[in-house]
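So the protein sequences, as listed, match chains A and B.
In this text, residue positions in the first sequence follow the working numbering: the first is 224, and each later residue adds one.
In this text, residue positions in the second sequence follow the working numbering: the first is 140, and each later residue adds one.
Hints were generated in silico from the structure; no laboratory data involved.
Among the clues, some could well be false.
The calculated label-pair distances, taken between Cβ atoms and stated as ranges, are [to be verified]:
hint: 1; chain 1: A; residue 1: I229; chain 2: B; residue 2: G677; range: 26 to 32 Å
hint: 2; chain 1: B; residue 1: P184; chain 2: A; residue 2: I228; range: 19 to 25 Å
hint: 3; chain 1: B; residue 1: A571; chain 2: A; residue 2: L417; range: 22 to 28 Å
hint: 4; chain 1: B; residue 1: R190; chain 2: A; residue 2: I228; range: 36 to 42 Å
hint: 5; chain 1: A; residue 1: G260; chain 2: B; residue 2: P179; range: 55 to 61 Å
Derived pair list, reagent style EDC-like, types lysine to aspartate or glutamate, alpha-carbon separation capped at 16 Å [said to hold, decoys possible]:
hint: 6; chain 1: B; residue 1: K678; chain 2: B; residue 2: E563
hint: 7; chain 1: A; residue 1: K225; chain 2: B; residue 2: D195
hint: 8; chain 1: B; residue 1: K203; chain 2: A; residue 2: D296
hint: 9; chain 1: B; residue 1: K307; chain 2: B; residue 2: E197
hint: 10; chain 1: B; residue 1: K207; chain 2: A; residue 2: D227
Glycine included, every Cβ here is placed at the ideal spot set by N, Cα and C.
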Amino acid sequence: MKRDIITSAIGILVLTLFCGILYPLVITGVSQVAFPGNADGQLVHVNGKLVGSQEIGQNFGLQVYKNGKPEMDNGVPVTNPDPRYFQTRPSATAPPDNAAATTFSNLGPNSVATEQEISSNIQAYISLNGKYYPGGLTAAKVPVDAANTSASGIDPDISVRNADIQAHRIATVRHLPLSTVMRLVSKYTGGRGLGFSGEPGVNVFELNLALDRMTGVHA
Amino acid sequence: MTFLGWLTIVLFCVVLTLLAIPLGRYMAAVYTGQPTFLDPVFRTPERLFYRIMRVDPERGQDWKQYAKSLIIFSLAGWLLLYFILRTQTLWNWTGLNPEGFHSAPWNVTFNTTSSFLTNTNWQYYGGETTMSYFSQMAGLTVQNFLSAGVGIAVAVALIRGIIGRSGKSIGNFWQDLIRTVLYVLMPISFVVALILVFQGSIQNFSHYLNFNGPTGLANSIAMGPVASQEAIKELGTNGGGFFNTNSAHPFENPTGFTNFVEMLTVLVIPAGLVFMYGRMTGSRRQGYAIFATMLVMFFGAVCVAYIAEAHGSPAQHAAGLHTQVVAGSTGGNMEGKEQRFGIAGSALFDVVTTVTSCGAVNSAIESFTGIGGAVPMANLSASEVIFGGVGTGLYSILLYVLLAVFIGGLMVGRTPEYLGKKIEAREIKLVAIGLLITPLAALFSTALATASSAGRASISAAAAGGPQGFSETFYAYLSQANNNGSAFAAYGGFVQPNAGNLGSHGITFTDLLGGFTMLFARYAPILFALAVAGSLAGKRVSPAGLGTMRTDNPTFVVLLIGVIVLVGALTFFPALLLGPIVQGLTGHLYQ
Numbered sequence: 224m225k226r227d228i229i230t231s232a233i234g235i236l237v238l239t240l241f242c243g244i245l246y247p248l249v250i251t252g253v254s255q256v257a258f259p260g261n262a263d264g265q266l267v268h269v270n271g272k273l274v275g276s277q278e279i280g281q282n283f284g285l286q287v288y289k290n291g292k293p294e295m296d297n298g299v300p301v302t303n304p305d306p307r308y309f310q311t312r313p314s315a316t317a318p319p320d321n322a323a324a325t326t327f328s329n330l331g332p333n334s335v336a337t338e339q340e341i342s343s344n345i346q347a348y349i350s351l352n353g354k355y356y357p358g359g360l361t362a363a364k365v366p367v368d369a370a371n372t373s374a375s376g377i378d379p380d381i382s383v384r385n386a387d388i389q390a391h392r393i394a395t396v397r398h399l400p401l402s403t404v405m406r407l408v409s410k411y412t413g414g415r416g417l418g419f420s421g422e423p424g425v426n427v428f429e430l431n432l433a434l435d436r437m438t439g440v441h442a
Numbered sequence: 140m141t142f143l144g145w146l147t148i149v150l151f152c153v154v155l156t157l158l159a160i161p162l163g164r165y166m167a168a169v170y171t172g173q174p175t176f177l178d179p180v181f182r183t184p185e186r187l188f189y190r191i192m193r194v195d196p197e198r199g200q201d202w203k204q205y206a207k208s209l210i211i212f213s214l215a216g217w218l219l220l221y222f223i224l225r226t227q228t229l230w231n232w233t234g235l236n237p238e239g240f241h242s243a244p245w246n247v248t249f250n251t252t253s254s255f256l257t258n259t260n261w262q263y264y265g266g267e268t269t270m271s272y273f274s275q276m277a278g279l280t281v282q283n284f285l286s287a288g289v290g291i292a293v294a295v296a297l298i299r300g301i302i303g304r305s306g307k308s309i310g311n312f313w314q315d316l317i318r319t320v321l322y323v324l325m326p327i328s329f330v331v332a333l334i335l336v337f338q339g340s341i342q343n344f345s346h347y348l349n350f351n352g353p354t355g356l357a358n359s360i361a362m363g364p365v366a367s368q369e370a371i372k373e374l375g376t377n378g379g380g381f382f383n384t385n386s387a388h389p390f391e392n393p394t395g396f397t398n399f400v401e402m403l404t405v406l407v408i409p410a411g412l413v414f415m416y417g418r419m420t421g422s423r424r425q426g427y428a429i430f431a432t433m434l435v436m437f438f439g440a441v442c443v444a445y446i447a448e449a450h451g452s453p454a455q456h457a458a459g460l461h462t463q464v465v466a467g468s469t470g471g472n473m474e475g476k477e478q479r480f481g482i483a484g485s486a487l488f489d490v491v492t493t494v495t496s497c498g499a500v501n502s503a504i505e506s507f508t509g510i511g512g513a514v515p516m517a518n519l520s521a522s523e524v525i526f527g528g529v530g531t532g533l534y535s536i537l538l539y540v541l542l543a544v545f546i547g548g549l550m551v552g553r554t555p556e557y558l559g560k561k562i563e564a565r566e567i568k569l570v571a572i573g574l575l576i577t578p579l580a581a582l583f584s585t586a587l588a589t590a591s592s593a594g595r596a597s598i599s600a601a602a603a604g605g606p607q608g609f610s611e612t613f614y615a616y617l618s619q620a621n622n623n624g625s626a627f628a629a630y631g632g633f634v635q636p637n638a639g640n641l642g643s644h645g646i647t648f649t650d651l652l653g654g655f656t657m658l659f660a661r662y663a664p665i666l667f668a669l670a671v672a673g674s675l676a677g678k679r680v681s682p683a684g685l686g687t688m689r690t691d692n693p694t695f696v697v698l699l700i701g702v703i704v705l706v707g708a709l710t711f712f713p714a715l716l717l718g719p720i721v722q723g724l725t726g727h728l729y730q
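Chain A with its partners taken away, still in its complex shape (with noise of 0.2 Å):
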């Protein structure tokens, strides 16, 4: 009895630095000299300052102004898309695509709380989208990935479908040619893993840069 506890406790400690501070150091160390760039997260600067990381879903939205003042709700700031950008998913965090916070919708196949949900999510897409769209867009024509909540509430991708669908409006709003969106979005379209893994996914954060590199901003 003695024995093992004596063994246990000095065992907790040597393994816990092997396991808990030896472990993360070397594969720190390792990956900072080999993939410096990934283990810090894909970081993009534009004219030497920081706006995001290639791997995380933004929200690109406008605050919204009330009074002269941001309008906040419970704290968080009331923003409306900005149609100059490609919009991400749909996303539970506060505010949406918050990558300090991520979280679930956690909302069930059979509530009614997800049924309004994605019925808000729709209407939204469909003022957004659907007078550049031609024909219109209905509930029936929006792709699942724009109605629906991802998982991690930051995914930087959305569907082809959904990206091709908001390149007509881009084009509209930014003054270029379909053809020249549509360039972009499959410029920025990232294939299966290993060729069969996943789905391929439109990355709006990079899309959205290259958008500006070639217009400016204030397109």
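Here the structure of chain A is known, so what remains is to put chain B in place on it, guided by the hints.
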């Protein structure tokens, strides 16, 4: 559903098998003391560990001594982890708490500590708003290794009992633990962590980033030593996420490729152990039979989950969405799923992590369709024997094997024997109790939490009015009793208004009930498994005759599946009906 979706599932099974066979051979060498190719690297550190810990690795332990070492070591681990988590600000001098987070309250910490000790990794907290880097590394990562090591040690001990030819020894706990950490967990974690960083996982000690995005909005991004923890989290079938959204977070699981790698990492040891078992018993066919049993049940579960999720949910259809596959969109139930994984990558990941005791998630299980959500619950109801957790899966299915042998023996009217050893009343009593403890704990805790107002306080407001509320409760205790850790994540045990835990409080009833459920359902079955090992170790082996029931052919595989399904169904069917199956059978929406 898509062709590539099905291809992913099939290829996954193939690649898993191809990796598990050599790993099984390697692990058999590790646990029987034969030379391995990593000896030059780890032989010296291994001896050093024994010397520092004052262990004589050659000294065999009987099952009681083995159990005593295991329990005392676990207790030491529990105390240290609780201390580290409760004194989070005390470690600020290390520089590993850049956000200055305070400790979570005592009740949440009790739950978390018990959770990581038992390989459950149930999380009432959100990682990036609760834990300092120091707590994640020196606290949680350590137990990711050690709880996995303990699980494998028990499995190896049980195997030694089954094959033992002489005496009472079932091995040495300290040797099994150290060799598992050094020779199995550490090298694979190392490789997987680097693959993850190569694909985009982060590994740093930076402050969280605060900046303004292109439209001028304020943004924050959490940082941390993610990849090192992610690798062992999958490998040790732990599942506790660095971030709140676990493997859905792009820093934990950045691409479709990492999704595939992480799923393989979860299953490779549980599958490899089965092949190791075949080698250690001297009859590889025994291993193949168990592997076949697991693979059949696994594949069935994946098919059901994929079909259900690809079909979409009643809420989607009520809102007017079309959920078929169209050009450029996967369709299906994308609520709580990531675009880069799609439906197949999410359904497969869900099954991989719920058949094992991993419990990592790359999608929100609470948002799965009724039938899609019933699949993980059914997996848990099978007591984690479809591959199962590292070690726990093998020792649990071996108990089922003994039960199947016993039932088969009764059916043909012969004395039940397994690998030449007679299975007698004592073993069957131990097996039966060992197998029923976990379901009992799950159902008892669910009943208690459902029937009491203190328990119902944890149900989320959105789910309170329908079967979803029951599903949340049932899943919570089913998951904790099976040491899984995945969740219908709206079920709450922690109220945290601000990141960093100021002003936060736990829900004591829920935290404690869950904590005790995990501890009880982890250590009681371990004791019974070790007792079975001890009971079998001393038995004489009689040669197989004409009348001996074969345990390595398809007939036995069918019998074994039958026994597992029967025990699970008899125990859990009423509860499954009340929750997910009701939802799966109706298009009705609940308030």
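How the hints compare with the structure:
1. A:I229 x B:G677: 26 to 32 Å: holds (29 Å)
2. B:P184 x A:I228: 19 to 25 Å: holds (24 Å)
3. B:A571 x A:L417: 22 to 28 Å: violated (45 Å)
4. B:R190 x A:I228: 36 to 42 Å: violated (18 Å)
5. A:G260 x B:P179: 55 to 61 Å: At 34 Å between Cβs, range violated.
6. B:K678 x B:E563: holds (11 Å)
7. A:K225 x B:D195: OK: K225 of chain A and D195 of chain B at ~15 Å, within 16 Å.
8. B:K203 x A:D296: It is violated: about 60 Å lies between the C-alpha atoms, which goes past 16 Å.
9. B:K307 x B:E197: Holds - the C-alpha atoms of E197 of chain B and K307 of chain B are around 14 Å apart, at most 16 Å.
10. B:K207 x A:D227: Measuring from Cα to Cα gives roughly 8 Å; hence the hint holds.
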